[in-house]
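> Sequence:
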Amino acid sequence: MDIVFIEDLRIDAVIGIYDWERRVRQTLSLDIEMAFDNTVPAASDDIAHTLNYKDVSKRLMTYVGESSFGLVETLAERCAAIIREEFGVAWVSLKLSKPGAVRGAKAVGVRIERGKRPD
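Using full-length UniProt numbering, the first residue of the sequence shown is number 1, and each one after it goes up by one.
Honestly, I wouldn't trust all of these hints.
As the list claims (entries may be wrong) - Okay, derived cross-link-like pairs now, BS3-like style, lysine-lysine, Cα gap no bigger than 25 angstroms in a straight line: (1) K58 to K98; (2) K95 to K54; (3) K116 to K95; (4) K106 to K95; (5) K98 to K54; (6) K95 to K58.
Bear in mind the hints are in silico, worked out from the structure with no lab data behind them. The structure displayed is predicted, hence computed values, not measured ones.
Work out the full structure, taking the sequences as your base and the hints as a guide.
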């Protein structure tokens, strides 16, 4: 299995359940791994055959930046669904972090896997 990844994609969004969180934008960090067969793009050297990580990043930046969820769990699920449905990814691992959200911790958040992990 080949993996296309996006590491530490930083996006400002409204997220959280507390009143103060609803009034500010917080920086979120996404780490994403996506299963993709890279043999075809490697053979053709043509970006049209790739899982274009720039396109995935831009789509998530727009979606997350315009979102306003209470829970990181909800946002992570929506992002995983976008990746799988719009980009034809069979398996995705997504880590969504809120850096600095808890005193003493570098970050908090969730890590989810959706779809069937190819062998």
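> Run through the hints listed earlier and report the numbers of any the structure violates, in increasing order.
none
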